[in-house]
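**Q** Chains as they are written, first to last, in the numbering used here: chain A, 1 to 295; chain B, 1001 to 1369.
Simulated from the structure, these hints should not be mistaken for laboratory data.
Since the structure is predicted, the reported quantities are computational estimates derived from the model, not experimental observations.
Heads up, a few of these hints could be off.
Okay, derived cross-link-like pairs now, DSSO-like style, lysine-lysine, Cα gap no bigger than 30 Å in a straight line [claimed, not checked]:
id: 1; chain 1: B; residue 1: K1179; chain 2: B; residue 2: K1120
id: 2; chain 1: B; residue 1: K1120; chain 2: B; residue 2: K1168
id: 3; chain 1: B; residue 1: K1074; chain 2: A; residue 2: K126
id: 4; chain 1: A; residue 1: K180; chain 2: B; residue 2: K1074
id: 5; chain 1: B; residue 1: K1298; chain 2: B; residue 2: K1356
id: 6; chain 1: B; residue 1: K1356; chain 2: B; residue 2: K1310
id: 7; chain 1: A; residue 1: K180; chain 2: B; residue 2: K1131
id: 8; chain 1: B; residue 1: K1010; chain 2: A; residue 2: K126
id: 9; chain 1: B; residue 1: K1074; chain 2: B; residue 2: K1007
id: 10; chain 1: B; residue 1: K1179; chain 2: B; residue 2: K1102
id: 11; chain 1: B; residue 1: K1109; chain 2: B; residue 2: K1179
id: 12; chain 1: B; residue 1: K1179; chain 2: B; residue 2: K1114
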Amino acid sequence: MGKKRYIGRTILFLLAAVFAVGFLMPTVLTLSNSFMAQSEIDSNYGMVFRDARQSSGNAYVSDSVNLKLIPDKVSFIQYIVVLFRSPDYILKLWNSIILVLPIVIAQVGIASFAAYSFSRYQSRFKNVIFFSYIILMLMPYQVTTVPNYLVANWTGLINTRWAVIFPGAFAPFSVFLLTKFMRRIPVSLIEAAKLDGASEWQIFTGVCLPQCRSALYSIVILVFIDYWNMVELPIIMLNEADKQPLSVYLSVINAGEVGVAFAIAVVYMIPPLLLFLHGEEALVEGITHSGSVKG
Amino acid sequence: MASITFKNVKKIYPGGVVAVDDFSMEIMDGEFVVLVGPSGCGKSTTLRMIAGLEEISDGELYLDDRLINNVAPKDRDIAMVFQNYALFPHMTVYNNIAYGLKLRKIPKKIIKEKVEEVAKILDLSDLLQRKPRALSGGQRQRVALGRAIVRDPAVFLLDEPLSNLDAKLRTQMRSEITKLHISLGTTFVYVTHDQTEAMTMGERLVVMKDGFIQQVDSPQNLYDFPCNLFVAGFIGSPQMNTFDATLLYRDGSLWISFDGGELMLPNSRFASDTIDRYIGKDIIVGIRPESLYLESEKNSISYPGVIEAKVELSELMGAGVYLYVSSGSTQLIATLPVNAAARPGSDVRLAIDCEKLYLFDKESEERIS
Chain A
1 MGKKRYIGRT
11 ILFLLAAVFA
21 VGFLMPTVLT
31 LSNSFMAQSE
41 IDSNYGMVFR
51 DARQSSGNAY
61 VSDSVNLKLI
71 PDKVSFIQYI
81 VVLFRSPDYI
91 LKLWNSIILV
101 LPIVIAQVGI
111 ASFAAYSFSR
121 YQSRFKNVIF
131 FSYIILMLMP
141 YQVTTVPNYL
151 VANWTGLINT
161 RWAVIFPGAF
171 APFSVFLLTK
181 FMRRIPVSLI
191 EAAKLDGASE
201 WQIFTGVCLP
211 QCRSALYSIV
221 ILVFIDYWNM
231 VELPIIMLNE
241 ADKQPLSVYL
251 SVINAGEVGV
261 AFAIAVVYMI
271 PPLLLFLHGE
281 EALVEGITHS
291 GSVKG
Chain B
1001 MASITFKNVK
1011 KIYPGGVVAV
1021 DDFSMEIMDG
1031 EFVVLVGPSG
1041 CGKSTTLRMI
1051 AGLEEISDGE
1061 LYLDDRLINN
1071 VAPKDRDIAM
1081 VFQNYALFPH
1091 MTVYNNIAYG
1101 LKLRKIPKKI
1111 IKEKVEEVAK
1121 ILDLSDLLQR
1131 KPRALSGGQR
1141 QRVALGRAIV
1151 RDPAVFLLDE
1161 PLSNLDAKLR
1171 TQMRSEITKL
1181 HISLGTTFVY
1191 VTHDQTEAMT
1201 MGERLVVMKD
1211 GFIQQVDSPQ
1221 NLYDFPCNLF
1231 VAGFIGSPQM
1241 NTFDATLLYR
1251 DGSLWISFDG
1261 GELMLPNSRF
1271 ASDTIDRYIG
1281 KDIIVGIRPE
1291 SLYLESEKNS
1301 ISYPGVIEAK
1311 VELSELMGAG
1321 VYLYVSSGST
1331 QLIATLPVNA
1341 AARPGSDVRL
1351 AIDCEKLYLF
1361 DKESEERIS
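Chain B with its partners taken away, still in its complex shape (with noise of 0.2 Å):
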């Protein structure tokens, strides 16, 4: 087990393209950490990086108080975990796992304990013999875990280990991951662009963009408290409805006004000096679709606003519908119980949770609120 520090790390590839800038966190102990962002938002770099596939430019990166910049990968004790699964396909499952173990001239006798101990950890026993052409998506996963866990390393490192599977078969191995890392108690770094995945596996997110981090924290907190428009935006499935607006000062209460209606903010939540800054100035406004409801629900709301809308299409999800509404030239998302369907085209009312809503300097696109 170890923890990981960056301290300002900079990855430029040849031709001048900046992968990963500036990038500093700690990670801690046996922490599970999820590199999350869109394509290209240098996740993946970061974490090869770390595992000493990637030269670093410029910046420190510490394992415990060692600086491991320029050590090689083999003597950085990680494991990391491929897309791909990178099995060799010449061999069989059994030497695929025992592989590490052989370079490292390991006696046969242990080498044989540990692949059998790993295997029945991962329900492989009676796969050892095959090749990987031979297992299914699932199965080569396993055995990909498998031989990193073998090694009993420092830090586990997994590039978006479950893109290639089915969707029945990712949600299981998420829980199974989840488990092994319980059960080991070691440093995972974890990278995926899907923040379902993320927000269910990692105790703390690192949401990346453009080569920056953008926030570090909780999934909870990232859901509740998201720092800019991208993160709430990334955050979040369906992702957070925004719309521009005017912030108004009205009657001694604040009031944003959208194309779609007028909303009164709840003193309690929005007064600051902060905000106050924006009166009159347009704003980016943002809501999350299950902080939406019908207008009878709104009883339930401590501080509803009703906008008229109407409905565009319905997706029926079976626990609920996604309901997609236009509101003016504002368009909203909303979830909502299963008897809210509508035909498209027919007209709704809907309750906001107005302390639900969320500010955001449309500029810097910082949350204000």
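Looking at chain A on its own, in the form it has when it is part of the complex (with noise of 0.2 Å):
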């Protein structure tokens, strides 16, 4: 009985290996590709480009694609060009950020007197409005891209930043997390506020929103790391390259040059890992935990 056991352990142990290593394979070949210099780039990886290279009139150098975890020799020049002589990358993360940043704000913004009107006030039509948003949220991406589309165009906001950033602000997955969470807290609580004077302002600042401070942070985390890798919206709704995130642009550097390409994906992936690394424990706790207050 005990050696059958062991030895399934062993077997799940060796799966999950398994499974491990291939999730994190992508991230840390990117990560040790990207210290390796253009030549052992090009030699490891030339196949795969061969024909946008020859498109553009350039030899590829290897027929073959090796796959390499260990540069040969560290080589900074990737992030040189990504960070210093190529401004066009730099424009793009700087895209990035303007375009990401207000939706995160505006939807936690918007989520948080969404989220407390839910939890709050009586209403013959809240729920049928808190339906709306969950349907709408359910619905599949695509579904609402054409709406988002036309309502910007007949706006005249196509081609500017609000095209992407209004549809990312009212996004109703934040109002629906935040709702549950803030429907869990205590209504004596409101209620001692209440009789201590406070008003509905001091409520909501005072004492809901601190103790969603876990279901925020989540949000916060969740809405970024969504926002910060969005291809679509952008493709439609910008039309200039100018304009468009860093996120739409990688796809275009990867099929050109691939070694800035392991750079700036570093790079890229640097925000999103520092706000997760910082708010790991609120992000875990604000999804499992759905907002138990412990008086």
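Mind assembling these two chains? They're in different frames, but the hints should get you there.
**A** The structure is reproduced here in structure tokens:
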């Protein structure tokens, strides 16, 4: 019996290890390859980009793809190109920042107000509106893209940042998550604040929001990661390449300069990674705990 | 300090559920009044109407001479202690206590002085920088009390504040709250479903059932002179024994006949025109467990009546014993000395103090005598 269990556990462990390696491999490869010189990149991955290079008149170096973990010689040339020699990448990175930050801030703000209303006020239409939010949340992204485009077009926002920011700011997921969280706050806490003399605004900011800290943090992280990686919406809403975020441009770079692509992918990973590491605890608590507040 | 006056106050929830009906009474300035009753009797709703957390559907509610039906909770000068303490988990004990004062824009220096004074009274001085989650149940309860008293309100409302505490702490906090009332001299309105808590703490008790006041009186009067079968059964632990009987008149005296025997009622207590109307009719008889004695002690009772009974269970309580007996189909509980403990199935002869019998109308359940 003991032996069987041991074998079972070993198999499970090996399976888990295979999955772990599978998941980590792209990240590790990206990181290690970002420190390779251009010549080493070409000799390892030249085959992949043969067609692209031929069409642009360059010759490929290697016919084979060689996944290589450790560079022969550590080089920072790709990072130097990304950060100092090519302002295009920095511009795209800046585009990403000025698109994502307003979305995160606006979505958290709007979701806080909406969730407070959903959790505190009684109305005949409350459940209908909340149900609509859930339906909207469950709809595939592609379904809402066309209406979003039509509205942006009608309001003349196409090819402006607002065409991306507005649909992001009013996304329903945060409202749903925060409402569920706020509903768990004991009514007695709000009543106690009321008796102490707190206004509605003071209850919202001083009692409700501080207790939703972990949920708010979760929303910030999830929304940031979601919109940091967006591709479809900017492609549809922004015609000019200069206005598009780096997430869109990454695919273009991948087709041309694979060495730079590794470096820029690493640079691009840093903000969400830092945010995640900083708020990991709150993220887990926010998603799993759903706002139980112990008096 | 303030008095509270209810005039035909009514609360109807959406959907037509009547939580409180025709509630009229006056709570005196500085009085400790306990609203007591089973779950759903409307006691918490009444308290919440005083606080302004529930709208009053009908009637008038006055704080001193001021009609407060439509006054916002924050403008009523009332503090409330909640069952689950309602402490803000993200604030320290200091900030929890100071919250109400900060909202009133009282200078920081005065807030500090007041909070420290309250903390001293409630023995919280060493805990001021802790968060509520780092406190025990009793400490949290004291913080909740502190948050209420720091504002020096006109009325304190306490909604089952001890029900989350263990038995030992509950007894301790019970006396602390009573002492606090004596030292502050403010009007206290306390809600509980625990009749022991109500009896030990309140100067006056309001017994409620199904949204109606059943009786308002001092604890002792409620115990001695319950107005109906509900109050008789609700006040007292173990609760009053009640059984069906027929009232008879024989040989110049009133008798009750029940399944288990007959008992003669002393004329000195039971002779009245009201009782005479029930002769020959079915009534309900009540007797408190401590008014039952062993037959050997019957000489200490003025008007003893003896019944034979079979022991079903005896519960040793340390200072005494609860003897569960049956006499015919009549079930009784007797509070007896420890030496009365008997094995289930054994026969006992019990003396009933007939002067302490209560008679109730079978239909209306009102007390006849």
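**Q** Looking back at the numbered hints, which does the structure fail to meet, lowest number first?
**A** When the structure is compared with the hints, none of them turns out to be violated.
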